[in-house]
Amino acid sequence: MNNRPPSMHDGAQGEPASNGCESTQLRNQFLETVFLIAAGLRKREELFAANPRRYPYCNELRLGIQRFAALHAQHAEDNQALRNLLDGLSESSFIRTWCTRDLSTWIEQWTPAAREELGNLECLELGPFAEVGGSFFNITEDCLEFLWINGNGSTDDLHENRVYSTLRDAGQAAYVFGRKFLILHPTLSWEERTAAAHANLAALEIDQLDQGETARVDGAWVQELIDTAYERVPLGLKVCPVCGWTMSLHGLRPMCLDARCTAHVDAEEYKTLPDVPPNSYRLRRGVMRFIAKPGILELQIARKVQAFGLPFELWPHLDTCDILITLPGGHTIAVDAKDHHDIDRLVRSIESDDMRDAMAASEAIYVVPADTPPPRRRAANRRLAHKPGYSIKTLRELTQHLKTEMGDA
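The sequence shown begins at 0 in numbering that gives the first Met the number 0 and counts up by one.
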């Protein structure tokens, strides 16, 4: 269960997509570019406030300017538009020339086709991101609003929120299909991505947990989800043996996005891992970290429940809980998977949670990783004694609990 705020391609081969796919790519590229610029402005202001005597170098702002220059060069309508850009590519000039203007004016010299593709972006209604006075500038409320809506912290947050918005806006069936698709496919080969982008889902591995949502999903929406969630894999990476994402070698240390993935992989074992096939795609880091990686445990639970032959729903009511299980006799269990070991934080969140009431469930169970120390689980459940019907268990304990309840039914 998740509560979220509202909400360059360099391959040798062409994209396996239509104009709609290209439109999604341009929107994603533009949003990420604007996010980098906004985040860079905020960081630059913070650095200057901390030490006014030191020039506030900011990599995010530089990268954002570079990406905007690339997009501007690609979509500018004429040479005069390019000359206007080249006059203001330094950080200071860019802030004065571009960041003090309404966001809609950033693309007013682009081609009609590009402007039409970006025309429905809400961010284009925002005003300037900076106010300049003399040799100083201040970021505006519009800049802060854009950052807050799109993640506030990093591009990982931006990508996570963009994907969650894409999932939620499409309705329950698409939400379930999309969440499962991302969890089951941390990487996609060129052929898999081509098949999925053209809604040829039969060419992919069969989803054993499908409950009819695949047949109801819109092919154009699948294409949009893939464009939003995935990126081209850099060359030379390995397949992570734990989560299925990508792993790289930093010095003598294998690295994935989760330290738990690399805890038992040394440099020698890394050499034996399979290479990621050329021209493959992977989930963007924020999507893998906050959506797909925690979802591995969610689907493990679903498979256990399915093996018992029990009715279940995945992410009912757009993720009010992760799984709703119905036992014989009508006893229902709302399950939420927590892929972390911070039991204290989990207990505090449960104390203010209403998942059981929201799902009208008989009980609510929070499933934690198997290696969570038993003494900490027992202590946590004692702290929850004042909240009947709420408990913390491992997957093994949940399995035993289901067996017991089925025997009593």
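Misleading hints may appear alongside valid ones.
Result set (DSS-like, lysine-lysine): computed pairs, CA atoms no more than 25 angstroms apart in a straight line [what the hints assert, rightly or not]:
hint, residue 1, residue 2
1, 402, 386
2, 402, 392
3, 392, 303
4, 303, 237
Since the hints were derived computationally from the structure, they do not count as laboratory data. Note that this is a predicted model, so its numbers are computed, not measured.
Going through the hints against the structure:
1. 402 x 386: holds (23 angstroms)
2. 402 x 392: holds (14 angstroms)
3. 392 x 303: holds (14 angstroms)
4. 303 x 237: violated (30 angstroms)
The structure is inconsistent with hint 4 alone, although it conforms to all the rest.
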